Amino acid sequence: MLRISYKSLIVINEGTVMDQPNVLEAQKLTKVYEDGLCALDHVSFSVKAGEIFCLLGDNGAGKTTTINLFLGFLNPTEGTPFINGIDVTKDPLAAKQHVAYLSDVVMLYPNFTARQNLDFFARIGGRHNLKRDDYYNVLRQVGLQEKAFEQRLKGFSKGMRQKVGLAIMIVKEAPAIILDEPTSGLDPKAANEFLAILHQLRAQGRAVLISTHDIFRAKEISDTVGIMSEGKLLAVKTRAELEHENLERLYLDYIQGKVAA
Amino acid sequence: MLRILLEKELRDIIYSTKFAITFAAAAVLVILSFYVGTRNYHESVREFEAARAADATNISSLNDWMQASHRVFRKPQALEVLVNGVTNDVGRTTDMRTSGELNLINSRFSADPLFAVFRFLDLNFVVIIVFSLFAILFGYDAINGEKEAGTLKLVFSNRVSRASFILSKLLGSVLALGVPLLIPLLIGCLMLLGSGIPMSGDEWVRLGFIMFAGLLCFGVFLTLSIMISAMVTRSSVSFLLSLVVWIFSVLIIPKGSVLLASQVATVPSMDVIESQKRKFSSDQMARRMKEMQQWFSTRAMSNDTGFAATFGAFQDSVMKAYEQERANFYGRLNEDWRNKKDWQEKWAFGLSRVAPTAIFQIAAMNLAATDVEMKYRYQQELNRYQDGYAKFIKSKTGSMADYMRVVIKRYSGTDSQEEKKKNLNPTEIPEFLEQPRALGSAISASLLDVGLLVVLNALFFAGAFFSFLKFDLR
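From first to last, the protein sequence lines stand for chains H and A. Per this note's numbering, numbering through the first sequence is continuous, rising by one, with the last residue being 261. Per this note's numbering, numbering through the second sequence is continuous, rising by one, with the last residue being 474.
The set of hints was computed from the structure by calculation and includes no laboratory data. Values in this document were obtained by computation on a predicted structure and should not be read as measured data. Backbone N, C-alpha and C define an ideal beta-carbon position, used for all residues, glycine too. Among these hints, one or two may not hold up.
35 Å max Cα-Cα, derived DSBU-like pairs, lysine-lysine [as the list claims (entries may be wrong)]:
id, chain 1, residue 1, chain 2, residue 2
1, A, K320, A, K255
2, A, K375, A, K255
3, H, K158, A, K18
4, A, K290, A, K277
5, A, K18, H, K147
6, A, K340, A, K396
7, A, K18, H, K131
8, A, K290, A, K279
9, A, K391, A, K290
10, A, K290, H, K232
11, H, K158, A, K470
12, A, K396, A, K375
13, A, K396, H, K154
14, H, K90, A, K470
15, A, K470, H, K28
Derived CB-CB ranges, DEER-like [what the hints assert, rightly or not]:
id, chain 1, residue 1, chain 2, residue 2, range
16, A, T17, H, K189, 50 to 58 Å
17, A, A24, H, E78, 16 to 24 Å
18, H, E78, A, L240, 38 to 46 Å
19, A, S444, H, K90, 49 to 57 Å
20, A, A458, H, E34, 42 to 50 Å
21, A, L260, H, N75, 46 to 54 Å
22, A, L448, H, N75, 43 to 51 Å
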């Protein structure tokens with residue numbers, strides 16, 4: 001259980017997600033690049049508080065484009081991304097106040113210590129009054145060794161940097177969390193620790209959107225799985241729907257067009 | 001938000017090993033340039049004093065002003081040692097004559113050819129080579145490096161505007177790198193103070209401007225490389241581009257502009273001018289010999305003072321006319337050459353101003369008064385002194401004609417034993433006092449270039465700013 005208090009968040013039991021409000025919402029998101037490439041084609045879905053939504057797809061399926069639209073790094077050609085009800089295209093800065101993000105590349109600032117990295121990102125995330133102990137507590141929660149708290153990130157392994165990244169994500173206390181291929185490159189132990197923390201975040205009522213191409217982890221962690229291919233969201237399956245399904249088979253059937261979207 | 005980002009930028013730079021190493025190298029070189037400069041100055045002063053003493057000894061060993069051969073030596077200036085400019089190429093010694101052209105001989109490089117090959121380490125070199133590289137090393141991946149490290153997306157997943165980010169990046173880089181560079185510069189100034197180099201208030205002001213221009217030059221490379229970093233996605237590409245810009249700026253443009261200018265505005269070589277002068281002079285000598293023969297043919301040679309005086313008067317009048325004629329011809333040649341040279345220099349400097357390093361160099365040389373005009377300014381000073389010297393010699397010998405003084409002496413009949421015993425007093429010779437370039441003149445000459453550096457800083461700052469507003473954060 002996370003030791004930091006998230007007073008603004010409510011602890012949600014599994015099964016009550018459907019009653020929660022949409023924290024992340026994609027409404028007919030479409031992205032066509034200048035060269036005519038359609039990266040995203042009318043993609044709609046929502047992620048509620050206390051829900052983990054997994055976007056599953058190959059490289060080029062449109063997962064990262066979807067995330068980039070939520071973070072305001074791209075403007076949609078059509079459609080609207082919402083974070084906590086705020087239209088990202090209209091007020092990206094206000095929307096970003098409600099989201100924490102972690103990418104697959106978590107190099108962070110190698111000349112800063114783990115605590116200094118955390119301090120910087122906490123402050124730009126709007127958390128100005130945290131003390132050294134608060135940072136240490138979060139770093140402990142994510143499983144970073146104590147001796148590494150005040151060490152520069154230069155010598156950190158990817159797993160250690162990922163933990164600091166998680167701490168950065170946690171410390172923002174945002175209701176929405178977006179993770180882009182978070183477990184890629186992590187060893188099984190580190191990946192399991194990472195997923196355990198995601199479960200805790202879900203329990204606290206965070207809405208979590210994850211992009212991955214790892215079918216097994218998607219099934220293990222998700223409340224809802226969205227199967228994407230060539231910019232389209234082909235199917236959205238809940239945990240209950242997937243319980244007796246072979247997700248790998250289903251995924252392959254969808255992307256090979258054997259099942260109608 | 002800007003404060004948080006700025007603080008991060010400062011820390012990120014100052015905590016880095018890259019900063020520690022490059023700053024230490026830059027600091028050592030800056031301090032070394034001051035150290036080498038002060039040593040060179042003292043060495044030059046010693047040589048100057050020794051040469052003057054030798055000249056005085058030489059004169060005091062004589063007993064007739066007609067035999068005196070006075071030499072004038074260029075006094076080392078304090079700022080020359082920090083910005084060498086053309087100092088080491090310009091002759092330091094002049095054989096003073098009462099008339100005719102004065103030549104500068106015995107330049108530092110002609111005396112020490114090894115230094116002509118490897119040059120001296122001066123502040124100018126440090127700014128042009130070291131500061132500019134220092135700036136590029138920190139600027140080339142300022143933006144795209146953060147993208148590659150994933151921190152850009154992480155930062156912009158927060159409530160951070162692009163404007164505040166790029167402003168913090170630019171201001172942070174300038175502060176974190178520029179301010180520390182002031183430290184070795186100030187240490188260098190303290191070394192100057194402690195080394196006993198006499199620096200006037202004007203010279204301190206000029207040194208201040210040189211350092212300011214140096215920091216501006218550094219700023220140009222920093223903002224330029226940050227701009228490139230905001231225009232190119234990959235840091236390896238931006239490093240390559242920055243390096244190409246550096247090579248062009250430091251090596252190719254300054255040298256290329258001189259070559260191009262020599263093609264656009266041709267100037268006859270000094271050898272051609274000298275051979276024209278020699279031909280004129282030998283023609284003149286032939287005519288003069290003819291006139292002398294005519295003069296002697298109409299008069300009987302005599303040892304009496306009347307004859308010597310008449311001959312002296314004839315020589316003076318002939319000399320005056322010939323000198324005037326020669327001065328007019330040489331003057332025309334020199335003026336024509338100078339005009340062409342000026343035009344060529346304008347082209348060369350104009351073209352070279354594409355490179356920030358060349359802009360700084362021109363500004364620094366103007367401020368240190370070691371610019372290409374240095375030789376002409378010094379020659380003007382010598383010419384002014386020559387008038388006074390000629391009057392002094394005439395007051396002592398009765399004639400201004402150098403090489404005819406011996407002839408006059410031979411026929412003067414005043415060569416008494418008593419006079420021979422009286423040694424000459426070299427302190428009677430009017431002292432050559434070189435007027436340093438006025439502060440106002442030095443500043444106004446460098447204003448254009450300092451202004452250009454300011455404009456380039458603003459231009460690349462704005463370029464980096466607007467490039468980043470369109471930068472693909474993904």
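Each hint, compared with the structure:
no., hint, in the structure
1, K320(A) / K255(A), "45 Å, violated"
2, K375(A) / K255(A), "21 Å, holds"
3, K158(H) / K18(A), "22 Å, holds"
4, K290(A) / K277(A), "20 Å, holds"
5, K18(A) / K147(H), "25 Å, holds"
6, K340(A) / K396(A), "41 Å, violated"
7, K18(A) / K131(H), "30 Å, holds"
8, K290(A) / K279(A), "17 Å, holds"
9, K391(A) / K290(A), "29 Å, holds"
10, K290(A) / K232(H), "108 Å, violated"
11, K158(H) / K470(A), "31 Å, holds"
12, K396(A) / K375(A), "30 Å, holds"
13, K396(A) / K154(H), "82 Å, violated"
14, K90(H) / K470(A), "18 Å, holds"
15, K470(A) / K28(H), "26 Å, holds"
16, T17(A) / K189(H): 50 to 58 Å, "31 Å, violated"
17, A24(A) / E78(H): 16 to 24 Å, "55 Å, violated"
18, E78(H) / L240(A): 38 to 46 Å, "39 Å, holds"
19, S444(A) / K90(H): 49 to 57 Å, "54 Å, holds"
20, A458(A) / E34(H): 42 to 50 Å, "31 Å, violated"
21, L260(A) / N75(H): 46 to 54 Å, "47 Å, holds"
22, L448(A) / N75(H): 43 to 51 Å, "45 Å, holds"
Going down the numbered hints, you'll see the structure goes against 1, 6, 10, 13, 16, 17, 20, while the others check out.
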